[in-house]
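Residue numbers (my numbering), protein chains in the order written: chain A, 1 to 330; chain B, 1 to 590.
Since the hints were made in silico from the structure, they are not lab data.
Mixed in with the good hints, there may be bad ones.
What the hints assert, rightly or not - Sample of chain B residues facing chain A (criterion: CB under 10 Å; computed from the structure):
id, residue
1, Asn263
2, Pro266
3, Gly314
4, Gly446
5, Gly449
6, Thr453
Claimed, not checked - Simulated pairs of lysine-lysine, BS3-like, Cα-Cα distance not exceeding 30 Å:
id, chain 1, residue 1, chain 2, residue 2
7, A, Lys91, B, Lys402
8, B, Lys455, A, Lys69
9, A, Lys91, B, Lys323
10, A, Lys69, B, Lys402
11, B, Lys323, B, Lys60
12, B, Lys60, A, Lys91
13, B, Lys407, B, Lys474
14, B, Lys409, B, Lys309
15, A, Lys69, B, Lys451
16, B, Lys159, B, Lys147
17, B, Lys477, B, Lys105
18, B, Lys60, B, Lys159
19, B, Lys451, B, Lys474
20, B, Lys455, B, Lys254
21, B, Lys105, B, Lys451
22, B, Lys177, B, Lys137
For glycine and all other residues, C-beta sits at the position ideal for the given N, C-alpha and C.
For reference, the chains in residue letters:
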Amino acid sequence: MTAPLDVPDASVDPASAPAIAGAGVAAIQGRSLGQIAWMRLKRDKIAIAGALVVIFLILVAVFAPLLVKAFGQDPTQFNSDLIDASTMAPKGGTGISADHLFGLEPVNGRDIFSRVVYGARISLLIAFLATLLSVAIGTLLGVTAGYFGGLVDSIISKAMDVFLAFPLLVFAMALAGIIPDSAFGLSGDTLRVAMLVFVIGFFNWPYIGRIVRGQTLSLREREFVDAARSLGARGPYVIFREMLPNLVAPILIYSTLLIPSNVLFEAALSFLGVGVRPPTPTWGGMLSDAVRFYTIPHFMFFPGMAIFITVLAFNLFGDGLRDALDPKAR
Amino acid sequence: MKRRTTTGAAALGAVLALALSACGGGSGSTPKDSAQPADQGGKAEFNAALTGIVNPSDKKGGVLKFANEGDWDSLDPGDTYYGYSWNFVRLYGRSLLMFKSAVGKEGNELAPDLAEGMGQPSDDAKTWTYKLKQGVKFEDGTPITSKDVKYAVLRSLDKEVFPDGYTYFNDFLDLPKGYKGPYKSKGVNTDQAIETPDDQTIVFHLKQSLSNFDYFAQLPATIPVPEAKDTGAKYREHVIASGPYMFQKNEIGKGFTLARNPNWDPATDPNRRALPDGYEVTTNVNADDIDNRILSGDLDVAVLGTGIKQAALGRVLGDPTVKANSDNPTSTRLWYTSINGNVPPLDNIDCRKAVQYAANKVDYQTAFGGEFAGGQIATSMLPPAIPGHEDFNLYPPGADNKGDLEKAKESLKACGQPDGFETNIAYRVERPNEKAAAEALQQALGRVGIKVTLKGFPQADYFALYAGKPGFAKDNKIGLAQNGWQSDWPDGFGFFGQIVDSRVIRDTGGSSNVSVRDPEVDKLLDQAMAETDEAKRNAIWTAIDKKVMEDAYVLPGIWTKTLIVRSKNATNVFVNDAYGMYDYLGLGVK
């Protein structure tokens, strides 16, 4: 995987690449960048495993109601009769049973399995949307800054510095305190999710913006851009048709790596009580509830593992994707 | 509200005297507990120390080890406002009166300490006179005079130097205008407030009649302070003892040791037995570590007296031999939910009744820690330990205390909201118990169609800006608000004064009374304040309790209980109801 980009298609040695050679000499033909990357990615078992877990998590989030119907119960339903009223702990320690696969929460006896499954919805939804927002803003401003340079570049770069210096966590907490019940035509949890997406997404764009700007600066000097320009192409055409396709790789890589950090950020905000309102389950919120009950470890274990697995899966997949798309970046 | 809990509570605006709550406060054994025969034999069984003395002994000597998971607000008697501290301060300080060092309800009774007898009221209970005992000395041998008591009370008025204290004396003494205590108002004649005609007499002059001033006279602020040795805010580092123990070493933030005070004369002090030779106190110790060390016998007392933490709960309750060595006293604290009649449709009494009937009191109890570490299900406001308490239940939530849905639905119909309604419940985000209780209510009320949305607010501004601010509550439809209150001593005014008087509600916020607006209740409160006959006064507290419950402005949750574990090494262990924890004066070492 450390081979330079053009090695596999330019000079395939049948002896050293039996898998490809097996198809016969006739099979050798020009392959697109995507095909090459996909081939490399397929060979990276860890990245594929990460991707499978990611897909699994997305399916869990999408089909949460069905899953919960089959294996759990309404995530907000109390089971106080299964709780030992004197110690607040579930009867029998964890309450794990065929009905409650991950056991019960102390105090009110809510089904942890259902809450973890529903928690995936909020976590992934916020992480994906926030990443999308960051990437959209970051790419647009990064390309603009890199391509036009000069005054535009310095204004945007300074803006990035300002945003990077912003005390995001504190700002999010302050914003959560003053947010009304309904605004912008949204209300309740929808509004709070939108707020989290905005806060996390809007303040994270400079990271991706800087990378895109840097890439654009080097692309701008390349011959094909000069060629396009000398043929009379204008700014927008060059940006969207010539540069953006070449920026897809880094954008994709950093998006995949931004998602897990956004999952963590959302969990941190929920942990601090800034996220959606109880009793809507979130992983961070569950962890925050579990802190008091460290002698009932299963309460902390399952949401903790959910965050851990999600972040790890996205990171592994993101690393693999980077290796596949841009081996030189290592 | 102005209570101090060990979880840390911010003191908010309102500073009307009597009602400041939180600290002391008595506790009573529940009816169930007191049904047990008084155990004089000192056998170790569950709750034995509520009704009898466990391990009675006269043996002197030994050192008791105390630990505090946090630190004192201040060791200065004029600057401390925690119940446990008022219990502990009696070891090194003597106030005019004190709560008896006695088992259970007897501990609620006042006894003369520095004073020869109880206060003598005159001038419609506006003037109170106390005579001091002869021969009481400070640790350095100087005799204690009434001037030392006067000085101690006056210095405690300075809330800039002593921010932790209460404002009872500030609010009730007939002080010269603009008086700011002896540090800032030097040389001002304060005889109009406190007179000391001779070394053994002290006379308090009040602005208004106060039938129960004797409770003021037991406050630690009346513990004498020698003016010559007063170092202001630094006095906490070396308090001059008047009690049987004095400070030997004091490292603020780490701990301190107490040793015998050679100038304490037992002949002047029938209340204190002073069995141990000394006390070793460490502060800022991990709470779970304290529980473990008490269970292993390595430590004697968790001085906070707030009960063992969740981590040790199973170990104590699950093991009959360990449980037999613990006690479960009730305190004068009520956790409740205010039902705000300003927020439609809760302005309709039937809608408020629907909330009362639909609530699941068992889940509410579990939210606060369950039967032992949480408390007893409350059926009215006034806790059982406070005189005037009467058992009644206007809204029985079903036989199993899990809610009477039929009655709730009937009430909803009567209110014109047969399908339920929507409202919000406020709670303090820093308090997981309140959040859990709010979730429990949300679940319970949802059963009859009352849709409740949870709204957490920071506790520092909970009353000043959010739940306690009438305009905010109304605009944001905060129909329900989690609340709690504990009185400073077992007395109806201390309990009700700030939480049912509609006149303490201000548009600017800050009041602990969020929901009770009934002119009749206000009238009853005024009557009680003026009533000098104790039995009649107690009957008024009962009437207030009933009236507020009839109005359905308050959904009572639980009267708190704590689970505390007896030391393996200590003798004379008993719970004093005035503090709702072990009496620290009584303890000795095996």
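Status of each hint after checking the structure:
no.: 1; hint: Asn263; result: 47 Å, violated
no.: 2; hint: Pro266; result: 43 Å, violated
no.: 3; hint: Gly314; result: 5 Å, holds
no.: 4; hint: Gly446; result: 9 Å, holds
no.: 5; hint: Gly449; result: 16 Å, violated
no.: 6; hint: Thr453; result: 7 Å, holds
no.: 7; hint: A/Lys91 x B/Lys402; result: 19 Å, holds
no.: 8; hint: B/Lys455 x A/Lys69; result: 29 Å, holds
no.: 9; hint: A/Lys91 x B/Lys323; result: 19 Å, holds
no.: 10; hint: A/Lys69 x B/Lys402; result: 26 Å, holds
no.: 11; hint: B/Lys323 x B/Lys60; result: 28 Å, holds
no.: 12; hint: B/Lys60 x A/Lys91; result: 46 Å, violated
no.: 13; hint: B/Lys407 x B/Lys474; result: 27 Å, holds
no.: 14; hint: B/Lys409 x B/Lys309; result: 39 Å, violated
no.: 15; hint: A/Lys69 x B/Lys451; result: 23 Å, holds
no.: 16; hint: B/Lys159 x B/Lys147; result: 21 Å, holds
no.: 17; hint: B/Lys477 x B/Lys105; result: 42 Å, violated
no.: 18; hint: B/Lys60 x B/Lys159; result: 40 Å, violated
no.: 19; hint: B/Lys451 x B/Lys474; result: 17 Å, holds
no.: 20; hint: B/Lys455 x B/Lys254; result: 39 Å, violated
no.: 21; hint: B/Lys105 x B/Lys451; result: 43 Å, violated
no.: 22; hint: B/Lys177 x B/Lys137; result: 34 Å, violated
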